[in-house]
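Asks: Given next are the chains, with one letter for each unit.
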Amino acid sequence: MARFALSRILQAIPTMFIVSMLVFGLIRMAPGDPAAMQMGREAAKPENLPRLEALREEMGLTKPIPVQYLYWIQDLAQGDFGDSLKNKRPTIDLFLQKLPATLELILGATLFALLLSVPLGILAAVRRGSMVDRVSMGFVSAGLAVPGFWLGLTLILLFSVRLKWLPASGYVPFSEDPIENLKRLILPSITLGTYLAATLMRFLRSDMIQVLGADYIRTARAKGLREKSVIMRHAMKNALVPVLTIAGLEIGALLGGAVIIEQLFGWSGVGWLTVQAIFDRDYPLVQTSVLFVTIGLIFVNLLTDIAYGFLNPRMRVS
Amino acid sequence: MDASLDPAQLPLGGQKRSLTWRIFGGRADPVLIVSALVLLFFLAWAALPGLFATHPPNKIGPDLLQAPSRAYWFGTDEYGRDIYSRVVYGARIEFVIAGLGVLIAMAIGIPVGLIAGYRGGWVDGVLMRLQDALLAFPSVLFAILVVAARGASQQSIILTVGIIFIPRFARLVRASVLALKEEDFVTASRAIGASDGRLIWRHILPNAIPAILVQITLTMAVAVLVEASLSYLGLGVQPPTATWGTMLKAAQSYPQQAPWYVLAPGVCIFLLVLTLNTFGDGLRDRLDPRVRKL
Numbered sequence: 002m003a004r005f006a007l008s009r010i011l012q013a014i015p016t017m018f019i020v021s022m023l024v025f026g027l028i029r030m031a032p033g034d035p036a037a038m039q040m041g042r043e044a045a046k047p048e049n050l051p052r053l054e055a056l057r058e059e060m061g062l063t064k065p066i067p068v069q070y071l072y073w074i075q076d077l078a079q080g081d082f083g084d085s086l087k088n089k090r091p092t093i094d095l096f097l098q099k100l101p102a103t104l105e106l107i108l109g110a111t112l113f114a115l116l117l118s119v120p121l122g123i124l125a126a127v128r129r130g131s132m133v134d135r136v137s138m139g140f141v142s143a144g145l146a147v148p149g150f151w152l153g154l155t156l157i158l159l160f161s162v163r164l165k166w167l168p169a170s171g172y173v174p175f176s177e178d179p180i181e182n183l184k185r186l187i188l189p190s191i192t193l194g195t196y197l198a199a200t201l202m203r204f205l206r207s208d209m210i211q212v213l214g215a216d217y218i219r220t221a222r223a224k225g226l227r228e229k230s231v232i233m234r235h236a237m238k239n240a241l242v243p244v245l246t247i248a249g250l251e252i253g254a255l256l257g258g259a260v261i262i263e264q265l266f267g268w269s270g271v272g273w274l275t276v277q278a279i280f281d282r283d284y285p286l287v288q289t290s291v292l293f294v295t296i297g298l299i300f301v302n303l304l305t306d307i308a309y310g311f312l313n314p315r316m317r318v319s
Numbered sequence: 023m024d025a026s027l028d029p030a031q032l033p034l035g036g037q038k039r040s041l042t043w044r045i046f047g048g049r050a051d052p053v054l055i056v057s058a059l060v061l062l063f064f065l066a067w068a069a070l071p072g073l074f075a076t077h078p079p080n081k082i083g084p085d086l087l088q089a090p091s092r093a094y095w096f097g098t099d100e101y102g103r104d105i106y107s108r109v110v111y112g113a114r115i116e117f118v119i120a121g122l123g124v125l126i127a128m129a130i131g132i133p134v135g136l137i138a139g140y141r142g143g144w145v146d147g148v149l150m151r152l153q154d155a156l157l158a159f160p161s162v163l164f165a166i167l168v169v170a171a172r173g174a175s176q177q178s179i180i181l182t183v184g185i186i187f188i189p190r191f192a193r194l195v196r197a198s199v200l201a202l203k204e205e206d207f208v209t210a211s212r213a214i215g216a217s218d219g220r221l222i223w224r225h226i227l228p229n230a231i232p233a234i235l236v237q238i239t240l241t242m243a244v245a246v247l248v249e250a251s252l253s254y255l256g257l258g259v260q261p262p263t264a265t266w267g268t269m270l271k272a273a274q275s276y277p278q279q280a281p282w283y284v285l286a287p288g289v290c291i292f293l294l295v296l297t298l299n300t301f302g303d304g305l306r307d308r309l310d311p312r313v314r315k316l
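Each protein sequence line maps, in turn, to chains A and B.
When you line the first sequence up against our numbering, it's residues 2 to 319, in that order.
When you line the second sequence up against our numbering, it's residues 23 to 316, in that order.
The hints are simulated quantities; they were obtained by calculation from the structure and are not laboratory data.
Capping the alpha-carbon separation at 20 angstroms, the derived lysine to any residue pairs in SDA-like fashion look like this:
id, chain 1, residue 1, chain 2, residue 2
1, B, Lys203, B, Ile214
2, A, Lys87, B, Gly173
3, A, Lys165, B, Gln279
Chain B with its partners taken away, still in its complex shape (with noise of 0.2 angstroms):
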């Protein structure tokens, strides 16, 4: 096929500008900005958390729930381990659930969604009754059912959130597709011979990119949260192991002796939630115009 034929080629009242200039390019939108360098930050400490802890995370020391001090930024927890350093790692296993736990969720959701919309018909109806299911569960039930079937570990949760998340990538393509397949670019590409597989791959897919990214920021929000749920009912990551949950579970133990242990873990999963969740929201304002910020 000549490329200057190709629609996806053609310019598209601006929509041709690369996706990195579309987020942060022109006017540039302060909270974005902002979100993005406190997600970056936190992406720095769970990529090189030896950088930045003052203490090995599971080193033992003498001083026992010690309030914060200058040798122990946010206190020190039951076993005399420093609070702070603890939460600097605890970061990296965050990313790693929610990340790999996302990817998952797509890399069976897109495909699902994708000929659910294309194909139509009993394999829609299939396939989305799939997800009905899927959705009707409330996620710390559903995670329970494969603790019950796997025991509790960090693979247990990276399923969960990779099974339950499913439906949000699958309804989302699909109502793309559905949107997409009768539009004019589309049905110039099939006149001219583009096979569904072109179809799909050139014009469908990279339309709804922007609103994949959305969904990820959002739907990583919402797998720290239930990382989080999930050790601090102790069906998740198993001590010594930080993470911000096992944590704010031990913390509860100690309200009186020490009440600052619960603020760490308790404000890095606050402020990773909502920097996801406002980076997720800004991105939807700046990509999908359809939405405007009301």
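Just chain A, with the same shape it has in the complex (with noise of 0.2 angstroms):
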């Protein structure tokens, strides 16, 4: 278990070191000279040319590009991620801020998501044909297709705008008004969680499947347990395993859609922070929330990896 565990760890450090490659080359390539932005309107001067030399030379901005990337990774390992260029603070700071609210909205999601999609996903797979099983898996299908912005959209329209059951955009952190804020919660929730609440049902009602028909499920009714005990404690076990590690590798498909999610329904989140940013044309503060989400997925997708592994042990071999 240690070996595949550390294997694994080995595998995600060369990736996470191409990530931050990839993230520093695409935001070099972004027009603009870096030194000109941190100075600001000053930069353009004429009798600001030396300080402006100065500040590239101080910034590194005239050694080679592969130097830079050198000396952004280590200031990154002295914490320092650099200030954003609109409100001059550190950008880890502004990202820390706002991490809080997307993680209170992922939760949310993966919440309703699973709230929905195990009881009927294992409903639908006992009843195989059945109403249920045909209405879960239209669901599936069109949860599957769905654009989330649309569906947000939708619900706005009838719950905030017709029924006015729900406020229609905002966010309140919880220490303020914890039942506004959770009022506020549902339904961005509900429109993050379809697509995730889909891709659950459609595997456990699959995984379920292929469990019922197991040699040990036959023995568990030979023996003459009652049905609900050879499916609550028998079969679901063994297929909820795979849907808590997809759960867990889906995570990265909520914050792509939290970032949509959060621009309908203003929830100042980093989302929201990153589309802000990118419209600022704020650099530096899209490159530490992008490399932070992405190596944060990275770090999730690891432990879901090692978990499976150590509840799963076929899966070390592979």
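With the hints as a guide, bring both chains together as one complex.
Replies: What follows is the structure, encoded as structure tokens:
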């Protein structure tokens, strides 16, 4: 097991470096001189040219790109992620400030997805071909095809504009007003969680069907266990393991979706921050948030992978 | 080499039937046929929008935000443009973006997968870590990077789609190569002196084509969603060009006055993605006997 975990970690390290190179390279391709952007309007004045040159020297912009990359990595290692061009604060502070809102949204979406998909997926598998099965499979096809923001718009039209049950947009920190926070969380969570619910339901149903056909289930039935305990105690346990793994791996898709859903619902998380940053041409901020989210995802996937190997010994070999 | 000795020419349990026959022949699958027809319908919109549209897509009219009527089937937008005609013209951009994007992804992904699988060793290791890195990015965030580097445009979306979907093809082809490399018919070919190129071109690649076809349709579905999301954020195709994503972005501002505005582009995205998905799933069921529908 330790060998399996170690090999996965060793695989993740080069991946992280390649990710950082891609982020660095693409941001360096952005138009404009980073030193001039740092100085702002002052940079355009001719008398400031020596200062600009000095700043370029200081920022290492006169060095070749690979050297610049190494400087950047060195800065990152020392916790220096650069300052935002717009409000001159460290980008990492801005990012961390917005992170809780995004994590809350992802948690809400995952909870919604699990609450919907686990009971329906299992029921659909147990009663194959029944009404429940058909409705669930219809939901799966629809859930995989519906664009998240369109679903969100429709939900806003229905529940906020027409019925006036829930607020259409805005984020209120949980610490300020827990009830308002949760009320505002409902629509974005449903919007973001629908795709995940559909994905999980599909896998859960097919896993469950497979497990129900296994020999040990026949044995459990043969020794006279009630159907309920066969399903709940024997089959479900095994069918749930891959589902949890998929939930872990789908966090990336959730984060991508969150960028759009946050925009739609005015939910000021990291996705919202990143989109604002791109419109402000605040490249250091874009760089930090894309890098953090992606590296964070690699970590989550790594943990999911190792957890799966722990739960399912057959995985460790391949 | 004598053609009659070529293992690829030997009958292999019905596998030598033509691809079209394998997809549509025999007992017809109604879901597959229906989704193929819907796809053809959208393709017709994309190919000949002038034939289907009732108005020029960018023609500004006096009737702003009109409800659907006989003159304006899906109503009009905030500039008095006909929503139905704009939706029809939007189809072409969806197919261009999804099609070119997937083409780029294939053009890079398939050779990468072939080389990685065939060579193995450190080449495989390096190429696959690159794929892992690309897979790690949420597509929208990668798109934001591309937009930072090149600005928001149709080309940027195509490039984004082309890059982020490389791993889908690379991994798929690599897996097929690894599975087929040790098959008897490949070994037989090698034994009678076939070159690496011939082995890949004549034996390994043709056997991977069904899986690639399935992947093309499924990837196009995701590409349509990516276009819609980016254009919705304002990071994609720029106005006044009509795409389904940009239309939705505009529609968002008029939930009270024109609730129908949101409907047409949304339903089109939904239908196109749904049919691409069901078509892809249907293809998989027919072409890949290992994955029987549960």
